[in-house]
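From first to last, the protein sequence lines stand for chains C and B. Each residue of the first sequence is one higher than the last, beginning at 1 in the numbering used here. Each residue of the second sequence is one higher than the last, beginning at 1001 in the numbering used here.
Honestly, the hints are just simulated from the structure, not real lab data. There could be a bad hint or two in this list.
[Unchecked claim] In silico lysine to aspartate or glutamate, EDC-like type, Cα no more than 20 Å apart, as pairs:
hint, chain 1, residue 1, chain 2, residue 2
1, B, LYS1094, B, GLU1068
2, C, LYS75, B, GLU1014
3, C, LYS116, B, GLU1013
4, B, LYS1056, C, GLU109
5, C, LYS116, B, GLU1064
6, C, LYS116, B, GLU1038
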Amino acid sequence: MTRANQADLQQQRIAYLGAVAASLSHEINNVLATVGELSGLIGDLADGAAPDARAALERFSSIGEKIERHVDRGKGYVASLNRFAHSMDRPRTAFDAGESVAAVVAVCERFARLRKLTLRLERGAAGPELRGSPYDFEHLVFRAIAAGLAAVEGGGEVTVVLSPAHTGAVLEITADGQPVADAEQETRLALVERLGLELGADVGLGAEPPAVLRVRLALPEDLGSPEAERSS
Amino acid sequence: MDRLRVLLVDDEEEFVSSLAERLELRMIRCVGVTTGVEALDLVREEPFDVVVLDVKMPGAGGFEVYHELRRLDPNLPVVLLTGHGSRQDAEEGKRAGAFDYLMKPIDIESLIAVLRAAAGRDLGGGA
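Based on the sequences and whatever the hints tell you, model everything.
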């Protein structure tokens, strides 16, 4: 790989972390804004409530439950953010690919929602286990889902399926709906292919009617490591 | 004087409902919706003094809705709501004619001050 290509790939790896952090922090901010309004509402109602007003107490309790639900939602986003931050701690380790894919899908749900798309994940209860860089694997999954989300118009559906294989795992991303003509899609798919090949995957990309786009990544159990290659 | 009429547009449902209720408690008439399409339909149907609009929304994004609002009623003041990551977008919105922008989470007294300034009048209706 040329120095320019390496620099470009490194830039994409950092941009991915930026996209994840921006998405999760946006959601956390929304949680804080909602909790702020709900708690403000409690204060407003308390100011206007009669001292023995039973109805006001019931209302406080109902708002309190909403706050609790949003705090739980916020905790989930903070846990995800923390998980992604730590995914680059160890360049090579054994990890649960199912958990990794689920975490990336959770982050991408916001992007899907913004585009009015449905994003679905199908996977087993646990595993398969792979070995390599969780960060690079999740980056690949993120870029593949991003290509799927960019392929169809609002109302469409993107399905992510992770299956175990005797040599590792197979990840398939299928986009169904009305196709979108997007000049940048070729670049997105080229990046998915490049990242997939870096990890030693067999990469299949293209339209498979009725699917607008199908990305198939047959991943080895021991993923290639761009980090290791760079340092060698 | 008539009560101030505010249209609040944000895809966070409970943010919208609780903020709308808080404004109502302050004698500001507030209708809250969670999509740009609903907002545009409402503006076509009834008069509002100010629109408070989230910049990042699913489907028709905040700016798309903003430009359509400007087309429907160029004199209708729009206050943009934004998170930290979208501050630059909000600055651009202000340069494009939005009355002002506020960062989420918002301070309700700051919001009311901006609403009052945007509508160009003191809050009425017994407040």
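Identify every previously stated hint that the structure contradicts and give their numbers, smallest first.
-> none
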